[in-house]
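A.B. asks: Next come the chains, spelled out residue by residue.
There are 2 protein chains.
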Amino acid sequence: MASGLLAQQLVRLGLISSTSDHASVVSINIFVALLCGCIVIGHLLEESRWMNESITALVIGVCTGVVILLTTKGKSSHIFVFSEDLFFIYLLPPIIFNAGFQVKKKQFFRNFMTIMLFGAVGTLISFFIISFGAIELFKKMDIGSLDIGDFLAIGAIFSATDSVCTLQVLNQDETPLLYSLVFGEGVVNDATSVVLFNALQNFDLVHIDAAIILKFVADFGYLFATSTLLGAFGGLLSAYMIKKLYIGRHSTDREVALMILMAYLSYMLAELLDLSGILTVFFCGLVMSHYTWHNVTESSRITTKHAFATLSFIAETFLFLYVGMDALDMEKWRFVSSSPGKSLRVSSILLGLVLVGRAAFVFPLSFLSNLTKKSPDDRINFKQQVSIENVVAHYISYDVLINPFDLFWQITIWWAGLMRGAVSIALAYNQFTRSGHTQLRGNAIMITSTITVVLFSTVVFGLMTKPLIRYLLPHTSKQHFSRMSSEVSTPKSLLSSLIENGHGSEVEAGRGHILRPSSLRMLLTKPTHTVHHYWRKFDDSFMRPVFGGRGFVPFEPGSPTEPNLHT
Amino acid sequence: MASGLLAQQLVRLGLISSTSDHASVVSINIFVALLCGCIVIGHLLEESRWMNESITALVIGVCTGVVILLTTKGKSSHIFVFSEDLFFIYLLPPIIFNAGFQVKKKQFFRNFMTIMLFGAVGTLISFFIISFGAIELFKKMDIGSLDIGDFLAIGAIFSATDSVCTLQVLNQDETPLLYSLVFGEGVVNDATSVVLFNALQNFDLVHIDAAIILKFVADFGYLFATSTLLGAFGGLLSAYMIKKLYIGRHSTDREVALMILMAYLSYMLAELLDLSGILTVFFCGLVMSHYTWHNVTESSRITTKHAFATLSFIAETFLFLYVGMDALDMEKWRFVSSSPGKSLRVSSILLGLVLVGRAAFVFPLSFLSNLTKKSPDDRINFKQQVSIENVVAHYISYDVLINPFDLFWQITIWWAGLMRGAVSIALAYNQFTRSGHTQLRGNAIMITSTITVVLFSTVVFGLMTKPLIRYLLPHTSKQHFSRMSSEVSTPKSLLSSLIENGHGSEVEAGRGHILRPSSLRMLLTKPTHTVHHYWRKFDDSFMRPVFGGRGFVPFEPGSPTEPNLHT
Chain A
1 MASGLLAQQL
11 VRLGLISSTS
21 DHASVVSINI
31 FVALLCGCIV
41 IGHLLEESRW
51 MNESITALVI
61 GVCTGVVILL
71 TTKGKSSHIF
81 VFSEDLFFIY
91 LLPPIIFNAG
101 FQVKKKQFFR
111 NFMTIMLFGA
121 VGTLISFFII
131 SFGAIELFKK
141 MDIGSLDIGD
151 FLAIGAIFSA
161 TDSVCTLQVL
171 NQDETPLLYS
181 LVFGEGVVND
191 ATSVVLFNAL
201 QNFDLVHIDA
211 AIILKFVADF
221 GYLFATSTLL
231 GAFGGLLSAY
241 MIKKLYIGRH
251 STDREVALMI
261 LMAYLSYMLA
271 ELLDLSGILT
281 VFFCGLVMSH
291 YTWHNVTESS
301 RITTKHAFAT
311 LSFIAETFLF
321 LYVGMDALDM
331 EKWRFVSSSP
341 GKSLRVSSIL
351 LGLVLVGRAA
361 FVFPLSFLSN
371 LTKKSPDDRI
381 NFKQQVSIEN
391 VVAHYISYDV
401 LINPFDLFWQ
411 ITIWWAGLMR
421 GAVSIALAYN
431 QFTRSGHTQL
441 RGNAIMITST
451 ITVVLFSTVV
461 FGLMTKPLIR
471 YLLPHTSKQH
481 FSRMSSEVST
491 PKSLLSSLIE
501 NGHGSEVEAG
511 RGHILRPSSL
521 RMLLTKPTHT
531 VHHYWRKFDD
541 SFMRPVFGGR
551 GFVPFEPGSP
561 TEPNLHT
Chain B
1 MASGLLAQQL
11 VRLGLISSTS
21 DHASVVSINI
31 FVALLCGCIV
41 IGHLLEESRW
51 MNESITALVI
61 GVCTGVVILL
71 TTKGKSSHIF
81 VFSEDLFFIY
91 LLPPIIFNAG
101 FQVKKKQFFR
111 NFMTIMLFGA
121 VGTLISFFII
131 SFGAIELFKK
141 MDIGSLDIGD
151 FLAIGAIFSA
161 TDSVCTLQVL
171 NQDETPLLYS
181 LVFGEGVVND
191 ATSVVLFNAL
201 QNFDLVHIDA
211 AIILKFVADF
221 GYLFATSTLL
231 GAFGGLLSAY
241 MIKKLYIGRH
251 STDREVALMI
261 LMAYLSYMLA
271 ELLDLSGILT
281 VFFCGLVMSH
291 YTWHNVTESS
301 RITTKHAFAT
311 LSFIAETFLF
321 LYVGMDALDM
331 EKWRFVSSSP
341 GKSLRVSSIL
351 LGLVLVGRAA
361 FVFPLSFLSN
371 LTKKSPDDRI
381 NFKQQVSIEN
391 VVAHYISYDV
401 LINPFDLFWQ
411 ITIWWAGLMR
421 GAVSIALAYN
431 QFTRSGHTQL
441 RGNAIMITST
451 ITVVLFSTVV
461 FGLMTKPLIR
471 YLLPHTSKQH
481 FSRMSSEVST
491 PKSLLSSLIE
501 NGHGSEVEAG
511 RGHILRPSSL
521 RMLLTKPTHT
531 VHHYWRKFDD
541 SFMRPVFGGR
551 GFVPFEPGSP
561 TEPNLHT
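Listed in order, the protein sequences are those of chains A and B.
Residues in the first sequence are numbered consecutively from 1, following full-length UniProt numbering.
Residues in the second sequence are numbered consecutively from 1, following full-length UniProt numbering.
It is possible that part of the hints are untrue.
[As the list claims (entries may be wrong)] The calculated lysine-lysine pairs, modelled on DSSO-like cross-linking and capped at a C-alpha distance of 30 Å, are:
(1) B:Lys466 to A:Lys244
(2) B:Lys104 to B:Lys537
(3) A:Lys139 to A:Lys466
(4) A:Lys466 to B:Lys104
(5) B:Lys140 to B:Lys342
(6) B:Lys466 to B:Lys105
FYI, nobody ran anything at the bench for these hints, they're computed from the structure.
Okay, chain A solo, but in the shape it has when bound:
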């Protein structure tokens, strides 16, 4: 190991003139140059209604793969091999952390129950449908030896909505509710996937009974709670340290460094403790944006806001480039090339199952989520105040199936979560390269099918999401200002204002418009509302004085631009 590293090093310093291990430097050069290319092209395509940066990167990645394949005459080099370490240790944390850091907190917490419902129950439904669909449909086809564990793994792999794709395709400012639902679902989804995978390894799969299901539910609860708490703890610790020691006094860079390192530490700790690192780092970002960010100096605020976004942006672009280039690794396609038709059929079946699996929970759960929310209380308040949860309650309401426009909205939720990405690929590598490293026919077919599904869903579904949103929800961008005030009570304009403007009223809505809950009935009928109210009280009287936050910054010499910076 050491000698290989050394040789590489010697080559790099120009000390020995071997050409074999130049590869690592060459591949870094290619990657960085392509990243620059993606950024410039992404900038030029900014106004396009079809393309986005992730698809650009994916396409450029595939094209580069083709070029390299042609120049190396079919022998693909190391550049291609998808490294899960690279993905999980370096690329994923900044992306998810930034998502937590920049997420509209109100929007996220107001939809918390819906997000949990979609993310946990929805993923399970999707998992069962895809697993049993695969068992039934693949039974008759000759695709090598796949056991029950493999089929269940397929269910978990293809239930993983890719939160990174979602971040790229949906725009938080244009469609905040859609974004928070689909992205939040993706984050919770990860916890579910990890539990599912653990369950598949440890449990007796042949005898599934109530005890196992109970254990699974308990595991999920434990995982979710501990991951969230770890993230929140990391965020609060950073807020407390920066506030107490007033680190910005000597150096702005130390504050920024401490925030980055604490966030990364919380992710790696979660990974170390077998928790869901994604959930942890997401909540760490959330807490940091609520407390820590307000405790640092003005320039640190600007720096962190943009630096985190930039890191996340580079990681995302790199990831799609990487997935695109990895897709062309010849090793994987060798087995498949003998029977291309079969591989195509497997991919199509999986894609179909993904579509059905998601439909199977989006529509019923929206319906269900409704029935519980359909209380007279909502009806009454509905005319009185335009707060976000009422609008949500209305839209995920009993009459959605009658109102065609609301059906459109559900279709959008369904569609926007169809993309499968790097998480699916990483899980597929985990499952199907363990026993024999693509030597087995069935494993090889599953790996290539995963890549096919990921490429197809990202490119086709991704390309069509923006136009679809514009077509199904046509009033999101144009008629907002004229309708906002005049047609508040019609569903259409409400939706428009919700989608467009949910975050604009973020600050005001929480403080001013909420009626003080006066009774237990309130807690029962409007739980989110009430919980939020008491949280605010707790936050203002205990949390902020200790951990800092908006309005509790110690020595700040006045920061007039502050409200503008973080919206």
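Given chain A, put chain B in place with the hints provided.
C.D. replies: Frame of chain A, contents of chain B only:
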């Protein structure tokens, strides 16, 4: 390889419960936690006149190494092994880039000839003295089989002034001239080291003649010129693209990402082409701060300024932590433990040679640099204008050896460049683990001696640099304002104002105070001055209109804080 990676990944996802490969996640956790610790302790020790962050990190690293050694009962784990890839690919580029980005450009270019003299000729002198000193002194000692190539390598290894240590110990704002000389020398030094190493590998070492020396000089010139040009090209390309495409229009993050990626690309390209990556990325940073930085949006400016500093800060702290922990790798010390006295003697001899080698060029070269500058022209202008190169010319002047205060200043230059760091360790690993990987007695002793010298020089010399500067140059911080105007003509106050204030007048000095050179005599007697004048004309009339820069920003809606931001 793939299976190892996979196992690691599976462990991380909690899929298999092995404990062997948890190591990588554990080590990342330890490192990140220690980094956080270093930052907090560094903040608390900020007011200390002895400590600095690098020494703190080094001490914490060694302590952690001891703790881990004790807990693993003498079997050191993977955490310890110094990876040159990690150093050269990830840690060094951000540090040197940031140094170039934040360097006082005027100060650097006005001392350009002195820096080149010290960096190139000085390093060569030091190299020869250490090499031949080692040959003579080690001849009688029984330290295994070292050939002539090894001894010359020792010369190159211990001639490498560590620019990272310099950055940490010297303060650009307090002692700008000292900083720019010693740090600039360190950067040029790297180019010299690479050429030396190449020379040692390719040339016939037994028959050194004029042709070989000439080839060496030509190589150095080529390397220096191409590396510099590549860096400048990278910087200019980024400036041109960002200005032409006006990337900040859509996204601030894209601008920042593009700057980071272009800088990294130029470094990796230099490594690919066997140039000096350090020189390239340094000049890329320099050009970017002169052009690109002025073309981006206001928030990008704040972000880049702090984000680059933060990245560099994290990399530096990590590096020292790493060197500290690596020092305790038991593997290396096994051979030495049998004869600790001999190892100690070798280390002491090397340390002595480092001291002598540096003294051998600092004092004579200062003297020499003087003789050439001691023209009547300087004398005349000396009373008229207080521009930096005159002060330099005066201070590195004929009477320095008489004036005790100037001797102090030379001692400071000598002392501040004595530290040896990660570059030395990386080069030592290169040379002495190639043939037999520390199996040979001589190689083992050289590796451990290098570590000893690095630790000793960083801790002892590093600790004493701040107090030494205060003791030898006591007027740098207190008497500046009172002396500035009244005692301009006395050497003492001139030095004070130079050291303190060199960069304060950075902007004005260049434009206003320079007399227009009217003849060829001017170019001959004041070359730096004249070159600078014509460069400014060229810069204003051609470069800035094309590449942007201060005052040539296209759509900037007024940025009043700008001058404050970059100083």
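A.B. asks: All hints, please: hold or fail.
C.D. replies: Outcome of the hint check:
no.	hint	result
1	B:Lys466 to A:Lys244	28 Å, holds
2	B:Lys104 to B:Lys537	20 Å, holds
3	A:Lys139 to A:Lys466	37 Å, violated
4	A:Lys466 to B:Lys104	47 Å, violated
5	B:Lys140 to B:Lys342	12 Å, holds
6	B:Lys466 to B:Lys105	24 Å, holds
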